[in-house]
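The task is simple: from the sequences and hints, build the whole structure.
Everything in the sequence shown is counted per the numbering used here, starting at 5 for the first residue and increasing by one.
Keep in mind that the hints were calculated from the coordinates and are not lab data.
We put the beta carbon where it would ideally sit given N, CA and C, even for glycine.
Among the hints, a few may not be true.
As the list claims (entries may be wrong) - Distance ranges between label pairs, derived from CB positions:
#1 Leu143 / Ala49: 22 to 30 Å
#2 Gly146 / Asp16: 27 to 35 Å
#3 Gly146 / Arg56: 23 to 31 Å
#4 Pro47 / Gly146: 36 to 44 Å
#5 Ala30 / Glu70: 21 to 29 Å
#6 Arg167 / Leu143: 38 to 46 Å
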Amino acid sequence: MPAITIRPLTPDDASAYRALRLAGIAELPAAFCTTHAAESGLPLAQIAQRLRATSHQIIFGAFSEEQLIAIAGLRREPIAVVHDKASLWGVYVAPQVRGRGAGRQLVQAAIAHACAIPELGRVCLAVAQDNHAALSLYLGCGFTLADGPAAEGMLPLQLLLPRPARASASPSAESNVFMKINTLQIPAK
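Following this line, the structure appears as structure tokens:
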């Protein structure tokens, strides 16, 4: 078996990304937050734009030789109140290469990327409760069941990121956030 290479996708990967994502949506429609019709209707230029890495999103691909065989996205929350959270989304491994470690390598690449962002404290995701292979993958990578609501049939998972920088963070910066929350005036009904 050829070695698997993991790298961030670029706009040049748009056609391969679209084909693999559409295959995933067709196979596991409940696992994606879109429909096959909506995704297939997107112009290739819009998909290429999605693949441009930004400070808030990156999409990784796993390649066997030159063929894209798996995908996973990591999106940070831009809202200041929840900027410590990122979401792992759109994870899909082509059926013919499942069980070869591509999914694990992708998830680990996303986690490593998240760990390099000082503000991030956790990575969240939702997985279909009947998708045992994906659930096993995420649990094996350190994710645990998260509190909070989830869509029917989905399980919310999270991974708390190691943060040695938190201990040395300025206490005044942290207390400013809590002071703003504590002084928020909510009118009585």
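Going down the list of hints, with the structure as the test:
1. Leu143 / Ala49: 22 to 30 Å: Since the Cβ atoms of Leu143 and Ala49 sit about 38 Å apart, the hinted range of 22 to 30 Å is violated.
2. Gly146 / Asp16: 27 to 35 Å: holds (32 Å)
3. Gly146 / Arg56: 23 to 31 Å: Given about 29 Å between the Cβ atoms, the range holds.
4. Pro47 / Gly146: 36 to 44 Å: holds (37 Å)
5. Ala30 / Glu70: 21 to 29 Å: Hint holds: Cβ distance 23 Å, inside 21 to 29 Å.
6. Arg167 / Leu143: 38 to 46 Å: violated (21 Å)
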